[in-house]
Amino acid sequence: MLALAAFASLSLPGLARAENPKTPEIIATYFSNSLTKVVQFGSSKAWLAIDSVDGVIYRTGDRGRSWSEIKDIPRGLATYLHVHPFDDDTAFVLGEGTKHYVTHDRGQTWTQFTTPLPPISNGEKPLRFHAGRVDSILFSGERCVEDNRWWLPRLNCHEETFYTTEGFRHSNSRSLESLLGEGVPVRQCQWARLKTEFKEMPEQTIMCLVPPDGSDAGPARRSSRLVWEKRFDSTQSISNATGATSREEAASMPQRAPLYSQRHNLFDFGLRDGGNKSTGLRLAISQDYFATKRVVSFGGGDQTGGGVIGVNVVSRFIIAAVQHARSEETDLFVSLDGHTWAESRLPLPAGVSENAYTLLESTPHALLIDVVMSSGSYGTIFKSNSNGTYYTPSLAHAYRNKNGLVDVERVQGLEGVILANQVSNWDKFDWRHGWHFLNRPEIQTRISFDDGAHWSYLRAPTHGLDGKGYGCTEDGWRIGDCALHVHSVTSVHNPGFVYSTKASPGIIMAVGSVGKHLASWKDCDTFLSTDGGLTWKQVHKDAHLYEFVDSGSTLLLVNNEGPTDTAVYSVDRGETWHEVRLGERIHAYATINDNLGIDNGLMILGRVSDGNNKGKFVVLSVGFEGVWSRQCDFNPEDPKENDDIEKWVLRADKNSECVMGHKAIHFRRRAAAQCYMDATRVSLPVSEDCPCEEKDYECDYNYALDPSTGKCVLVGPEVIPRGQCQREGDRFMASPGYRLIPGDTCDYERGKQLDRPVDKACPRAIDAPSGGVVTHSLTTFRHSIVIDPFVNSTHYLLHSSNGDVFLSKDEGISWERVDLSNVVDSNDRALAVVKHGYVASRAFVYMVSGVMVVTDDFGVTWRRMDKLPAPVNGLAITPIFSFHPDRPDWMLYMGGTECPKCHTEVYLTKDGGRVWNKVTTHAEKCLFAHANRFVSLPEDAVLCSVWKYKSGKKGYQDIVREEAPPENLLQLL
1 MLALAAFASL
11 SLPGLARAEN
21 PKTPEIIATY
31 FSNSLTKVVQ
41 FGSSKAWLAI
51 DSVDGVIYRT
61 GDRGRSWSEI
71 KDIPRGLATY
81 LHVHPFDDDT
91 AFVLGEGTKH
101 YVTHDRGQTW
111 TQFTTPLPPI
121 SNGEKPLRFH
131 AGRVDSILFS
141 GERCVEDNRW
151 WLPRLNCHEE
161 TFYTTEGFRH
171 SNSRSLESLL
181 GEGVPVRQCQ
191 WARLKTEFKE
201 MPEQTIMCLV
211 PPDGSDAGPA
221 RRSSRLVWEK
231 RFDSTQSISN
241 ATGATSREEA
251 ASMPQRAPLY
261 SQRHNLFDFG
271 LRDGGNKSTG
281 LRLAISQDYF
291 ATKRVVSFGG
301 GDQTGGGVIG
311 VNVVSRFIIA
321 AVQHARSEET
331 DLFVSLDGHT
341 WAESRLPLPA
351 GVSENAYTLL
361 ESTPHALLID
371 VVMSSGSYGT
381 IFKSNSNGTY
391 YTPSLAHAYR
401 NKNGLVDVER
411 VQGLEGVILA
421 NQVSNWDKFD
431 WRHGWHFLNR
441 PEIQTRISFD
451 DGAHWSYLRA
461 PTHGLDGKGY
471 GCTEDGWRIG
481 DCALHVHSVT
491 SVHNPGFVYS
501 TKASPGIIMA
511 VGSVGKHLAS
521 WKDCDTFLST
531 DGGLTWKQVH
541 KDAHLYEFVD
551 SGSTLLLVNN
561 EGPTDTAVYS
571 VDRGETWHEV
581 RLGERIHAYA
591 TINDNLGIDN
601 GLMILGRVSD
611 GNNKGKFVVL
621 SVGFEGVWSR
631 QCDFNPEDPK
641 ENDDIEKWVL
651 RADKNSECVM
661 GHKAIHFRRR
671 AAAQCYMDAT
681 RVSLPVSEDC
691 PCEEKDYECD
701 YNYALDPSTG
711 KCVLVGPEVI
721 PRGQCQREGD
731 RFMASPGYRL
741 IPGDTCDYER
751 GKQLDRPVDK
761 ACPRAIDAPS
771 GGVVTHSLTT
781 FRHSIVIDPF
791 VNSTHYLLHS
801 SNGDVFLSKD
811 EGISWERVDL
821 SNVVDSNDRA
831 LAVVKHGYVA
841 SRAFVYMVSG
851 VMVVTDDFGV
861 TWRRMDKLPA
871 PVNGLAITPI
881 FSFHPDRPDW
891 MLYMGGTECP
901 KCHTEVYLTK
911 DGGRVWNKVT
921 THAEKCLFAH
931 ANRFVSLPED
941 AVLCSVWKYK
951 SGKKGYQDIV
961 REEAPPENLL
971 QLL
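Per the UniProt record's numbering: the sequence shown ends with 973, consecutive numbering throughout.
A hint or two may mislead.
Here are the computed distance ranges between Cβ atoms for each label pair [stated by the list, open to error]:
id, residue 1, residue 2, range
1, Glu200, Arg169, 27 to 37 Å
2, Glu625, Asp747, 21 to 31 Å
3, Leu714, Lys809, 45 to 55 Å
Straight-line alpha carbon distances no greater than 27 Å define the calculated DSS-like cross-link-like pairs of lysine-lysine that follow [stated by the list, open to error]:
id, residue 1, residue 2
4, Lys647, Lys616
5, Lys614, Lys663
6, Lys428, Lys402
7, Lys654, Lys468
8, Lys954, Lys901
9, Lys901, Lys867
10, Lys522, Lys616
11, Lys711, Lys654
12, Lys402, Lys537
13, Lys428, Lys468
14, Lys402, Lys516
15, Lys835, Lys71
16, Lys537, Lys616
17, Lys616, Lys654
Hints listed in this document are in silico derivations from the structure and should not be mistaken for laboratory results. As the structure is a prediction and not an experimental result, all values here were calculated from the model. Even glycine gets a Cβ: it sits at the ideal position worked out from N, Cα and C.
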């Protein structure tokens with residue numbers, strides 16, 4: 001860290017109205033390296049920062065005006081920096097080893113403590129905090145053993161968890177107790193009271209993923225890396241950091257996580273490109289630190305070799321993802337109390353299954369989940385009912401990048417307002433195929449004012465700063481051909497909330513472009529909305545970092561496209577702008593303010609571009625305390641409209657003040673008021689309920705909006721209440737197709753009641769089997785199941801985990817077991833069911849014996865194919881079969897040799913499986929060129945990604961997939 005310097009600021013003449021505000025104070029502090037994470041203690045002026053290159057912690061007590069190195073912590077030790085999410089005075093600095101430090105006075109003094117193991121290095125949080133007991137903390141460490149059996153030495157590691165109820169206030173590890181015992185592997189341990197909203201379980205409850213009783217860690221619970229591999233990538237820059245969901249989340253993420261408070265998706269479950277394999281883990285819950293435990297049973301899926309792959313607490317919901325034992329499909333289970341669990345019901349299109357979930361930021365009223373389906377690499381956002389069990393589609397083709405981050409962001413301070421990006425050319429672009437440079441995603445932005453129930457495009461401004469009109473029409477806006485599209489969580493260049501803060505209601509800023517789809521960052525401009533996203537205006541050319549100061553009374557912009565020595569700010573909500581000189585020409589890479597946006601200053605982080613300090617990193621503290629001499633007449637406890645303060649009401653359109661069933665009245669500083677807010681808390685809106693209207697409802701489960709009529713129509717089977725429709729002639733109370741939007745507070749008695757159940761005749765009476773009444777739940781079957789509907793048919797195939805195959809000819813109302821004894825041995829069992837990608841009536845069943853049977857009439861009759869040329873590959877590489885779009889009998893088969901020390905073998909048939917020819921070996925993926933639109937290549941051309949080396953130790957594909965030597969590259973053949 002180098003000396004401090006103060007710089008004056010200038011106002012642009014003629015821009016301000018009435019009285020020019022006083023110029024802000026700017027103080028610079030120089031550092032040798034980039035600060036890779038900056039965190040705040042509550043809403044105080046005290047902040048901490050980490051230099052991950054030198055392993056140094058810095059502290060400021062005056063919001064960046066002055067910084068000092070923490071001398072209590074040895075240089076080079078600091079790897080992780082965490083602020084306690086529920087104790088504004090406490091923070092932790094963790095090292096790579098077993099020596100760490102804690103402060104309980106906002107960084108003024110530090111105490112050393114030790115742990116039995118070093119922190120986990122798999123990207124998960126080493127510290128988990130209790131929302132109600134600040135000294136109750138879980139610590140996850142990593143136990144590693146060197147393995148010299150490989151051609152390069154490896155470390156085999158597994159996770160163990162410890163707990164303390166003393167907040168690491170002692171200097172040794174005696175305050176830490178092992179949760180399950182020394183050497184016992186465990187995953188994702190966390191308090192049930194992880195969130196303040198969740199209060200349905202005893203305070204001491206802990207949830208963990210554990211191996212089945214009597215088993216060891218197992219390969220799925222171990223990680224392996226080369227001995228010389230770095231344990232931590234602690235030098236990642238802020239602009240590339242991702243992963244946390246709030247200041248609290250950022251505080252407890254590893255240093256690979258965001259610099260400050262990156263707002264991204266909450267949790268990711270499932271399989272992407274082979275990322276998560278079947279774990280065999282069980283969800284165990286304990287109220288006595290695992291002296292005793294209760295293992296949750298989710299049915300067949302977690303009892304036959306599949307297992308739980310993730311668990312998390314979101315608002316008042318506990319979510320668990322359970323993977324099928326014999327497929328890549330995952331099921332989602334939800335609980336409100338940790339005792340009663342229900343499988344989430346998602347109305348998926350025919351022929352697809354879910355194989356990955358991303359939990360999005362949700363309210364206590366409903367869950368938002370992005371689901372990646374087997375038919376595509378982009379997700380569909382689904383929204384749940386009030387208990388998280390039944391879902392309806394919210395937004396199709398939601399954009400997610402290759403890391404699984406979904407472009408969805410809630411607007412802070414405004415209930416129900418969400419911005420999301422979706423891919424308009426989804427049918428031409430697919431990350432999975434790898435050759436994504438052929439078609440770039442075309443991104444369009446949608447906005448919802450009712451928590452995802454309905455979406456529209458952003459209205460483009462009528463004209464730009466140059467006065468030229470954009471030429472957008474009403475029709476162009478409605479279909480997205482001429483609208484405003486903005487960058488979101490996958491591409492923003494600034495940490496923190498993307499668009500707004502809680503203390504500045506209705507004021508939103510974004511970087512974007514007007515047209516048919518979003519332009520690249522460097523080709524975008526900066527836009528502002530002051531009415532919650534209903535209308536927008538361009539406020540500056542080029543892409544800028546932006547920040548909200550003093551409850552939105554001051555807005556600041558700094559150019560992010562290249563070096564700059566100025567910033568601009570507005571004190572009248574973007575009507576006029578003032579220029580301030582920074583004192584250095586810098587490339588700004590972050591602006592940081594408190595998470596609520598109530599502070600009257602901010603920090604700009606950058607790197608000096610020229611001059612005496614060229615190459616140094618700088619933190620500029622920008623203070624707006626003296627801009628106005630008078631404080632606004634405002635009491636956040638009892639807000640009132642006056643000469644300084646205005647009432648503002650959120651609108652979803654110009655004709656109604658009712659959003660989410662009520663009129664939300666916010667209080668904020670008038671744009672022209674010449675005063676500062678200096679609030680100590682966020683003022684909550686005042687609500688007035690409105691009579692229920694049609695817009696307060698959304699389509700119920702298995703209903704969808706008919707664009708031609710604007711009404712919700714049935715698109716799937718009726719949900720029949722448990723115990724009803726048992727006899728011929730029975731009737732039941734059915735859904736009318738509508739449900740009140742979860743969280744909507746409209747006055748039901750004074751308005752439309754579209755969700756009243758209607759009396760209907762039962763579609764078919766079915767005698768209840770001995771196991772219980774017929775319902776729509778999977779408990780009807782004794783084993784876990786995978787259902788594969790035939791496209792454009794009422795016929796469904798069902799594969800049970802015990803190897804049985806069932807057929808339904810009436811969309812799942814009744815099932816009969818498929819008898820394959822006339823084509824295979826009666827003791828043979830089905831291992832996998834594969835539907836033909838291009839022939840709707842054809843499906844294959846792969847048997848344990850290696851025999852393949854096929855149907856060409858939607859499962860009615862079956863014939864035996866010749867035996868496959870090799871066993872299915874043991875590397876879990878999918879798809880096992882790839883099909884030609886124009887030649888139904890042409891197939892590729894991904895077989896393999898016996899593992900370990902194995903590799904894949906790819907075969908081609910052109911006659912439906914009678915004759916197979918080997919194409920290549922050591923492939924990761926193969927497909928027909930015409931299946932991926934390489935139509936200029938020959939009809940029988942096959943594209944494969946293949947490892948370079950195929951012999952010796954370098955040819956063991958199961959080994960090189962874990963850690964390939966640099967010279968062993970994947971090649972496209």
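Each hint, compared with the structure:
A beta carbon spacing of about 30 Å between Glu200 and Arg169 agrees with the range 27 to 37 Å that was offered as a hint. Between Glu625 and Asp747 the CB atoms are about 45 Å apart, so this pair departs from the stated range of 21 to 31 Å. Take Leu714 and Lys809: their Cβ atoms lie about 20 Å apart, and the range 45 to 55 Å is violated. As the CA atoms of Lys647 and Lys616 are separated by approximately 46 Å, the hinted pair breaks the 27 Å bound.
Under the criterion of a C-alpha separation no larger than 27 Å, the hint pairing Lys614 with Lys663 is inconsistent with the structure, at around 53 Å. The suggested pairing of Lys428 with Lys402 holds, with an alpha-carbon distance near 16 Å, which does not exceed 27 Å. Distance restraint check for Lys654 and Lys468: the Cα-Cα separation of roughly 25 Å lies within the 27 Å cut-off, and the hinted pair is therefore satisfied. Of the supplied pair hints, the one linking Lys954 and Lys901 holds, its CA atoms being roughly 10 Å apart against a limit of 27 Å.
Simply put, Lys901 and Lys867 have alpha-carbon atoms about 24 Å apart, close enough for the 27 Å limit, and the pair holds. Pair hint Lys522 plus Lys616 holds up; C-alpha atoms about 24 Å apart against a cutoff of 27 Å. Proximity of Lys711 to Lys654 is assessed by CA-CA distance (about 23 Å); at most 27 Å being required, the pair is judged to hold. A threshold of 27 Å between alpha carbons decides the hint, and for Lys402 with Lys537 the separation of about 32 Å lies outside it, so the pair is violated.
Restraint check: the Cα-Cα separation between Lys428 and Lys468 comes to about 34 Å, which exceeds 27 Å; the hinted pair is violated. A C-alpha spacing of about 23 Å is found between Lys402 and Lys516, which places the hinted pair at or below 27 Å, so the restraint holds. A C-alpha spacing of about 64 Å is found between Lys835 and Lys71, which places the hinted pair above 27 Å, so the restraint is violated. Among the hinted pairs, Lys537 with Lys616 is inconsistent with the structure: their alpha-carbon atoms are about 36 Å apart, more than 27 Å.
About 50 Å separates the Cα atoms of Lys616 and Lys654, which puts this hinted pair outside 27 Å; it is violated.
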